[in-house]
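J.: Now for the letters of each chain:
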Amino acid sequence: MKPGTLSTFLKRGAIWGFIVLELIFFSVAGEFLSLSEKAFMDVDNMLLLFKQSAPIGIIAMGMTIVMINGNIDLSVGATYALCAVVLLDSMTWPIFAGLGDMVIPVSWVLALAVGTALGALNGLIVWKTGVDAFIVTLGAMLGYRGLVFMYNGEQPTSHLNWTLVDFAEAQFLGVHTATWFLLIVTAAIWFLMNKTVHGRNAYAIGDNREAAVNAGIRVGPHMMINFMIIGFLAALSAVVFYSESGSVNPNDGALYELWVITAVVLGGTKLTGGAGSILSTFGGVIAIQLLRKGLSHIGADTETVNLVIGLILIAVLFLDRQLNLKGKEELKL
Amino acid sequence: MATMSKGRIGEFMARQGILVAFVLFIIGFTLANQRFVDPDNILGVIRSSAILGVMALGVTFVVISGNLDLSVGSMMSFSTIVVLDLHDTLGPLLAIVAMFALTLCLGAIIGFLVGYLKLNSLIVTLGMLSAIHGLTLTWSGGQNMDIADKEGTWFSVFGQGSALGIPVPILLFLGLAALLGIVLAKTPFGRKVYAVGGNGTAATFSGIHRARVVFLCYLMSSFCVATAGLIQASRSLGSQNTVGQGLELEVLAAIILGGASLLGGSGTIFKTVIGVLILGFIQNGLLLVGLQFYVQYVVTWVIIILAVWLDIAAKRGKLWSPIA
Chain F
5 MKPGTLSTFL KRGAIWGFIV LELIFFSVAG EFLSLSEKAF MDVDNMLLLF
55 KQSAPIGIIA MGMTIVMING NIDLSVGATY ALCAVVLLDS MTWPIFAGLG
105 DMVIPVSWVL ALAVGTALGA LNGLIVWKTG VDAFIVTLGA MLGYRGLVFM
155 YNGEQPTSHL NWTLVDFAEA QFLGVHTATW FLLIVTAAIW FLMNKTVHGR
205 NAYAIGDNRE AAVNAGIRVG PHMMINFMII GFLAALSAVV FYSESGSVNP
255 NDGALYELWV ITAVVLGGTK LTGGAGSILS TFGGVIAIQL LRKGLSHIGA
305 DTETVNLVIG LILIAVLFLD RQLNLKGKEE LKL
Chain L
13 MATMSKGRIG EFMARQGILV AFVLFIIGFT LANQRFVDPD NILGVIRSSA
63 ILGVMALGVT FVVISGNLDL SVGSMMSFST IVVLDLHDTL GPLLAIVAMF
113 ALTLCLGAII GFLVGYLKLN SLIVTLGMLS AIHGLTLTWS GGQNMDIADK
163 EGTWFSVFGQ GSALGIPVPI LLFLGLAALL GIVLAKTPFG RKVYAVGGNG
213 TAATFSGIHR ARVVFLCYLM SSFCVATAGL IQASRSLGSQ NTVGQGLELE
263 VLAAIILGGA SLLGGSGTIF KTVIGVLILG FIQNGLLLVG LQFYVQYVVT
313 WVIIILAVWL DIAAKRGKLW SPIA
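Residue numbers (the numbering used here), protein chains in the order written: chain F, 5 to 337; chain L, 13 to 336.
Where hints are given, some of them may not hold.
[Stated by the list, open to error] For the chain L half of the interface with chain F, some residues (derived, Cβ under 8 Å), not all of them:
{"no.": "1", "residue": "T42"}
{"no.": "2", "residue": "M140"}
{"no.": "3", "residue": "G146"}
{"no.": "4", "residue": "L191"}
{"no.": "5", "residue": "G258"}
{"no.": "6", "residue": "V310"}
[Said to hold, decoys possible] The list that follows gives simulated cross-link-like pairs (lysine to aspartate or glutamate, EDC-like), each with its CA atoms no further than 20 Å apart:
{"no.": "7", "chain 1": "F", "residue 1": "K132", "chain 2": "F", "residue 2": "E214"}
{"no.": "8", "chain 1": "F", "residue 1": "K297", "chain 2": "F", "residue 2": "D46"}
{"no.": "9", "chain 1": "F", "residue 1": "K274", "chain 2": "F", "residue 2": "D324"}
{"no.": "10", "chain 1": "F", "residue 1": "K297", "chain 2": "F", "residue 2": "D48"}
{"no.": "11", "chain 1": "L", "residue 1": "K283", "chain 2": "L", "residue 2": "E262"}
{"no.": "12", "chain 1": "F", "residue 1": "K274", "chain 2": "F", "residue 2": "E214"}
{"no.": "13", "chain 1": "F", "residue 1": "K297", "chain 2": "F", "residue 2": "E307"}
{"no.": "14", "chain 1": "F", "residue 1": "K132", "chain 2": "L", "residue 2": "D323"}
{"no.": "15", "chain 1": "F", "residue 1": "K199", "chain 2": "F", "residue 2": "D211"}
{"no.": "16", "chain 1": "L", "residue 1": "K330", "chain 2": "F", "residue 2": "D136"}
{"no.": "17", "chain 1": "L", "residue 1": "K327", "chain 2": "F", "residue 2": "D136"}
{"no.": "18", "chain 1": "L", "residue 1": "K130", "chain 2": "F", "residue 2": "D324"}
FYI, nobody ran anything at the bench for these hints, they're computed from the structure.
Note that the Cβ used here is the ideal one computed from N, Cα and C, for glycine as well.
Taking the hints into account, I'd like the entire structure generated from these sequences.
T.: This is the structure in structure tokens:
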């Protein structure tokens, strides 16, 4: 075996091993503890699990590429809420009154455009001012949330369009609409990061910005494109979720940035940039949702979910560090 | 000559820009509404900033040592809930002692993980944010916490009392600020904090025990959080589980506004106090001119980015970043 192969394998496969462990644990524990007749690994239950992971999962794909690029985006929760407000509110605008159900694609495009524009604004500020992305998006998190409140005060924005609800609740080939969106986004972002010049440059910039500049890569536009993608995906996540629910509170999406970052870090993406995998992020998203569902399946209080996820996050960080140290020692031999 | 004076202005703005902006703000708001400079109003603003301010004092140590603390909001909810719950069973004094002990334990855990195990502080404190929130919910069973006898307890003195005409929260905030300001600026420990944040490797080579310094910074941060929780609990004598939610980011915003670098090695307690007061006075000023509370979010956003941008622009001597 080549030096470091084992630790590389352990690192890459860790999230999937963790998922398998969760499945086994909750299935066995569920036999004894669960009040429900159904097995944990019931097909309907698993399909629902994918559907419920979609809102966080779609944003997590964007966060992965932003973090690979060496940046971070704390404003996704606020972007999500603002796009949801635009989506639901624009369907009631008088100028679209004559469109009938054709208003749906128009509202979708509007919401997605707003998300992309907000992402572009973050990216442009990071690029042109040179202020750290953490600070820029921390500010934007407050600012965009303020815009949500200014739009409609402290009132919820509601609009139910039944055609849209039917579409969101539909199951194509047995799989929910939201899950399809998650799968398509995962595939598209995987392709972008692994098969295109933009993806390779994003890795290079995150790994060593100095070297990337010397190699003639234009750092700014790549960063801005990644911020536009995460803005677009935060909007898409809102579009998918609120098409079904039809009502948004001004505080919706608060703390989403923390859940998304947790999923991405569980998947093994480095905060320092340059390393990370789209498929592992997908694993991280599933692992978190599995934990939520599993704990409620065995009758644990929902409160314990936060506690367990927090401890797991720290444990993963610790194990990752130990494996990395081990990898270096193996290389020395 | 002209370029020199221009350079000097740039340097002055870089050092004191936030103070200048603060003065301009106060003049502007005063012209808009005379009540802004009313002593009662000023005391009110400082009083309502006290909780955020006390927390920011501790996090300033953590930030100068080159780390972050995202767990302070959730930790503040924890101490508030714990002290309110124990108040009825143990009595006020023991409840406060127990709450401080438990909160310091949480700080010690974070300090151990970040200091001695050298784990990334952003993710550790993100994990602790979630874990402590779970702990709080488990402790309270998801219920709001209230003190049974709200009239007959001296516990309310920390949030509602006043001495020499000054509200106790302000005394706690400014007293702690003076104390920690001296610790940071005048003691060997303070200098070690700057050294560790400025260049950790160099600090280690000059014989500074990096892990211990980071550990103590987190301990200090959790002490400040416990004090903030005490003020919060005592002020309202009842609380939700999520009372501190989101405060971690407002604390960081205040520290950044004060001019500390998130990379560590720079910042002072005085600057943090200024940052906290700017946030408080902006909020108050906007309310006084008749705007809704959420307008402050947008204003804070613009000010944070402008403040940090002008700061680094002055340092590099160019307005726009050299990134291609």
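J.: Looking back at the numbered hints, which does the structure fail to meet, lowest number first?
T.: Violated hints (numbers, rising): 1, 4; every other hint is consistent with the structure.
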